[in-house]
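Residues per chain, in single letters:
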Amino acid sequence: MASLITCPHCGTRPKEEFSIRGTALARPHPAASEEDWHAYVYLRENPKGRYQEYWHHAGGCRRFLIVERDNVTHDVFSVVDAVAIRGMSE
Amino acid sequence: MSLTLFHRHVLEDYLAGFEAKANPNHLSVIRRPAIFSVLAHRGSEVLVEDGLKSIESIQLRNCAPGEWLVVSTTSGASTIENLLGEIAGASAVDQSDSRVLLQISGPNVRKILAKCVAVDLHADAFAIGASANMLCCHVAANLARTGADTFEITVPRSFAGSVFEEMMEMGREFALTAAFAD
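So the sequences go chain by chain: Z and X.
Each residue of the first sequence is one higher than the one before, counting from 1469 in the working numbering.
Each residue of the second sequence is one higher than the one before, counting from 198 in the working numbering.
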């Protein structure tokens, strides 16, 4: 487990401050088919290697971050605010 | 039936029996600070921050982008509320009863805090005036540096007892004492 995460707002923090909220998937369109929504809610790839996850900085700025990390080597490649990638503020 | 309600601090029981004389390393509990949380509306973050910085009687604590804690030990909550109400694009909520303000100071304060938080508090990384939300003794708290050897911690009221006891435990080897500020 990657133990130090550099939050874009708070700086380098230990993983205990965060709560992992699962794979960062793109949300389907509200009118998408039931199969798409079922896949979005329940089905996960469980990849080995590099992937993106939502991390909630519960002990700090309380922002949702998208952490790109490798679950084999524990490398963290990038940490960005979820708004920056998903455009949630719009 | 008449009922007299008076303010009783949540740490009153925890502080009973502590020695009256403060040691160099001292934790002082501010009895009734005015604490507000302020959120900036989308797009007015910069304006709100400038507005908050122009108020003299408050101390500003960073929480998150567009979110601050406003702390005042000199003005009352209603005064602060009026001042914050004048800032356009900001929403402020009185948190005075929900937060406890602890001030820890002394020559060994960084060694004590090193056992409580996982953030680098060296003056180069966390200068005077810096503040941030972080886990302090397993509780999400706001830590601010107010002097070279002085830090202020804002913790949720219901966690204040546990944070206080853990900090006293961590400060025991440095003879940390505690008392109310007044």
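Just so you know, the hints here were simulated from the structure itself, not pulled from any lab data.
In this text, all values refer to a predicted model and were calculated from it rather than measured experimentally.
Among these hints, one or two may not hold up.
Claimed, not checked - Dumping the calculated EDC-like pairs for lysine to aspartate or glutamate here, alpha-carbon to alpha-carbon at most 20 Å:
#1 Lys1483(Z) x Asp317(X)
#2 Lys1483(Z) x Asp1543(Z)
#3 Lys250(X) x Asp291(X)
#4 Lys308(X) x Glu366(X)
#5 Lys312(X) x Glu1484(Z)
#6 Lys1483(Z) x Glu1521(Z)
Here is how each hint holds up against the structure:
1. Restraint check for lysine 1483(Z) and aspartate 317(X): the C-alpha separation of about 15 Å stays at or below 20 Å, so the hint holds.
2. Proximity of lysine 1483(Z) to aspartate 1543(Z) is assessed by CA-CA distance (about 13 Å); at most 20 Å being required, the pair is judged to hold.
3. At most 20 Å may separate the alpha-carbon atoms for a hinted pair to count; lysine 250(X) and aspartate 291(X) meet this at roughly 18 Å.
4. With a C-alpha separation of about 13 Å, the suggested pair lysine 308(X) and glutamate 366(X) falls inside the 20 Å cut-off, and the hint holds.
5. At most 20 Å may separate the alpha-carbon atoms for a hinted pair to count; lysine 312(X) and glutamate 1484(Z) meet this at roughly 15 Å.
6. With a CA separation close to 13 Å, the supplied pair lysine 1483(Z) and glutamate 1521(Z) stays within the 20 Å bound.
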